[in-house]
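Trainee: The chain contents come next:
There are 2 protein chains.
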Amino acid sequence: MRIGLDVMGGDFAPDAIIEGAVDSLQHLSVDESLILIGDKGLILRKLNEMKADPALFEIVHTTQVIEMGDHPAKAYSQKQNSSIAVGYGMLKSGMLDGFCSAGNTGAMLVGASYTVGVIPGVLRPALATVLPCIDNRDSVILDIGLNPDCKADVLSQYAILGSIYAKYVLGTENPTVGLLNIGEEEAKGTSTVKAAYELMKEQPNLNFAGNIEANALFRESMTDVIVCDGFVGNVILKLAEAFHHIYKTRKLKDSYFDRLDWENIGGTPIVGINANVVIGHGISKRRPIMNMVIQTKEVVHANLAQKIKEGI
Amino acid sequence: MRIGLDVMGGDFAPDAIIEGAVDSLQHLSVDESLILIGDKGLILRKLNEMKADPALFEIVHTTQVIEMGDHPAKAYSQKQNSSIAVGYGMLKSGMLDGFCSAGNTGAMLVGASYTVGVIPGVLRPALATVLPCIDNRDSVILDIGLNPDCKADVLSQYAILGSIYAKYVLGTENPTVGLLNIGEEEAKGTSTVKAAYELMKEQPNLNFAGNIEANALFRESMTDVIVCDGFVGNVILKLAEAFHHIYKTRKLKDSYFDRLDWENIGGTPIVGINANVVIGHGISKRRPIMNMVIQTKEVVHANLAQKIKEGI
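Protein chains in written order, with my numbering: chain A, 30 to 341; chain B, 30 to 341.
Bear in mind the hints are in silico, worked out from the structure with no lab data behind them.
Check before you lean on any hint, since a few could be wrong.
Since copy identity is lost for identical chains, a pair holds within one copy or between any two.
What the hints assert, rightly or not - Each computed BS3-like pair below joins lysine-lysine, with the alpha-carbon atoms no more than 30 Å apart:
| no. | residue 1 | residue 2 |
| --- | --- | --- |
| 1 | Lys277 | Lys267 |
| 2 | Lys280 | Lys223 |
| 3 | Lys80 | Lys121 |
| 4 | Lys80 | Lys180 |
| 5 | Lys217 | Lys314 |
| 6 | Lys196 | Lys121 |
| 7 | Lys180 | Lys69 |
| 8 | Lys223 | Lys338 |
| 9 | Lys280 | Lys267 |
| 10 | Lys223 | Lys180 |
| 11 | Lys217 | Lys277 |
| 12 | Lys103 | Lys217 |
| 13 | Lys223 | Lys267 |
| 14 | Lys80 | Lys217 |
| 15 | Lys80 | Lys336 |
| 16 | Lys267 | Lys217 |
With the rest of the complex left out, here is chain A (with noise of 0.2 Å):
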């Protein structure tokens, strides 16, 4: 398995995402290798600094930086030989089997759409994130950002997608999906919710649960799979994190609330494009990085973009 990595992406490149990098090298086993791709220079002299010896890794040298503010199409297109550009030609090519970045969230997602493409079938991609439950469960949210207005069909279909991801990637057989909403009963929500409350009832080879509300979130009652429309799961999402951060600031000592740290999760994998790839939080020093390739290797492990391939 081949993992490539930008080094060059994120608000603390590259010296956090080499530190990341090296740390995670100890989550590889011998046929899975790191391809760091980035400026050689740096890179070499950054693991000098930290004593790692270099031949651990295969180095891809870039030239160009897509920076945080760049413009992502324009800059994607520019800059062919930037991290990102160079990292998701490879994966086209098959030189990667999944590539992650914790650089310029726009560009990650022109390049998933221009070079690898949307699978045949997938109305929208999304991204997914990982939920952690009390009853040590985790499950799946999506859409958690790409998509804030969604079309009924659109989460139908996240449906399927989160059930794939649920099963392939977290390892949870027949996973029950629920369908965010304001109330418990068919008739609640918005005009959107109601439809898609109709057409996931009619899905089959679907495990639904019917409507789940917000206060049964991360707690035993939480379904394997949350289907939400991008704006409502990036309000959960954040307040989480909310959450977990005052949780901090308090210090409270809980095993639980520990788990909510964004940081444990690493990055949100693009579902729904031929290829995987996974796009880490720009603020990821390194132990979110470190987290980022090791949930980019599971992705890879769990075969996604081709188990969805076949499911839809």
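Given the coordinates of chain A, work out where chain B should sit on it, guided by the hints.
Mentor: Chain B alone, transformed into the frame defined by chain A:
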């Protein structure tokens, strides 16, 4: 000041409502009276059981009950001697300054629009509630469930309604207003939220602070007013409930997380109608009922309905 309390509404009515009523008396001054609306026999029996003096209350006898499962509009028009319909009638005729109930929410909303009516100029009334901030401020969020689908002009007007609430009920001078969104930049979010941003930016007399992301909520970074549609507001409120529940389950102790308890807030005013009305949670027991009465008193003191009439 005369506050009407629906004794027959709520999952634990009438006993828990009467218990809360008795407790609330210590928070009312001599010129503030509480009027119990419900079955007089049941009320007297419960007061007697509690060894509470019936002379402390005015009792308005009603013979019908709108059940929690009743069809709101049908029940409201057919049960004109129910505590909810009688309460609204008294509000309309000026025999009450405020009215609160933990009963059938739908019927409470029907009464609001049928009997007391929407304030001219208000596009859509909202349900507002208070979010406790870690810096000891209270912010107001609206809508939290009345209008899951909000147009941009409705959101923009919520900024005004919320500012009036913050100023007169919470005592916040020149309250800051945030538009809940999934990014800080002006161009983020759904088309509706983007349009609302443009409208809010142009509103005179509004202390508009731009977009606010969910990870800024409950923290120092929270604006005094948070504007969102009823779907998103409901998700935020219920997610806070989930985290408070987890906090309790994990047996953590913290004065801030304690403040997140919805029982401390007690109820949700209907903002934008011609009367001061507060709706309580159906599962309210003694303490939240007491807090609902106190909150109604504060809304009446602020003369919220009148202030909105003047401010719109």
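Trainee: Look at each hint and say if it fits the structure.
Mentor: Hints and how they fare:
When the C-alpha separation of Lys277 and Lys267 is checked against a cutoff of 30 Å, the pair qualifies both within a copy, at 15 Å, and between copies, at 21 Å. In this assembly of identical chains, the alpha carbons of Lys280 and Lys223 never lie at most 30 Å apart, being 42 Å within a copy and 37 Å across copies at closest. In this homomeric assembly, Lys80 and Lys121 never come within 30 Å of each other (Cα to Cα): the closest approach is 33 Å inside a single copy and 79 Å across copies. Within a single copy, Lys80 and Lys180 get their C-alpha atoms no closer than 52 Å, and across copies no closer than 58 Å, so neither meets the 30 Å cut-off.
In this assembly of identical chains, the alpha carbons of Lys217 and Lys314 lie at most 30 Å apart only when taken from different copies (26 Å versus 42 Å within one copy). Proximity of Lys196 to Lys121 under the C-alpha cut-off of 30 Å is restricted to the intra-copy arrangement: shortest distance 25 Å within a copy versus 57 Å between copies. In this assembly of identical chains, Lys180 and Lys69 lie within 30 Å of each other by CA distance neither inside one copy nor across copies; the values are 45 Å within and 52 Å between. With identical chains, the CA atoms of Lys223 and Lys338 are at most 30 Å apart within one copy only, with a shortest distance of 28 Å there and 35 Å across copies.
In this assembly of identical chains, Lys280 and Lys267 lie within 30 Å of each other by CA distance both inside one copy and across copies; the values are 20 Å within and 24 Å between. For the homomeric pair Lys223 and Lys180, the shortest alpha-carbon distances inside one copy (11 Å) and between copies (18 Å) are both at most 30 Å. Proximity of Lys217 to Lys277 under the C-alpha cut-off of 30 Å is restricted to the inter-copy arrangement: shortest distance 29 Å between copies versus 36 Å within a copy. In this assembly of identical chains, the alpha carbons of Lys103 and Lys217 lie at most 30 Å apart only when taken from different copies (19 Å versus 42 Å within one copy).
For the homomeric pair Lys223 and Lys267, the shortest alpha-carbon distances inside one copy (25 Å) and between copies (19 Å) are both at most 30 Å. In the homo-oligomer, the alpha carbons of Lys80 and Lys217 never lie at most 30 Å apart, since the shortest distance is 59 Å inside one protomer and 43 Å across protomers. In this assembly of identical chains, Lys80 and Lys336 lie within 30 Å of each other by CA distance neither inside one copy nor across copies; the values are 40 Å within and 69 Å between. When the C-alpha separation of Lys267 and Lys217 is checked against a cutoff of 30 Å, the pair qualifies both within a copy, at 24 Å, and between copies, at 15 Å.
Hints 2, 3, 4, 7, 14 and 15 from the earlier list are contradicted by this structure; the remaining hints agree with it.
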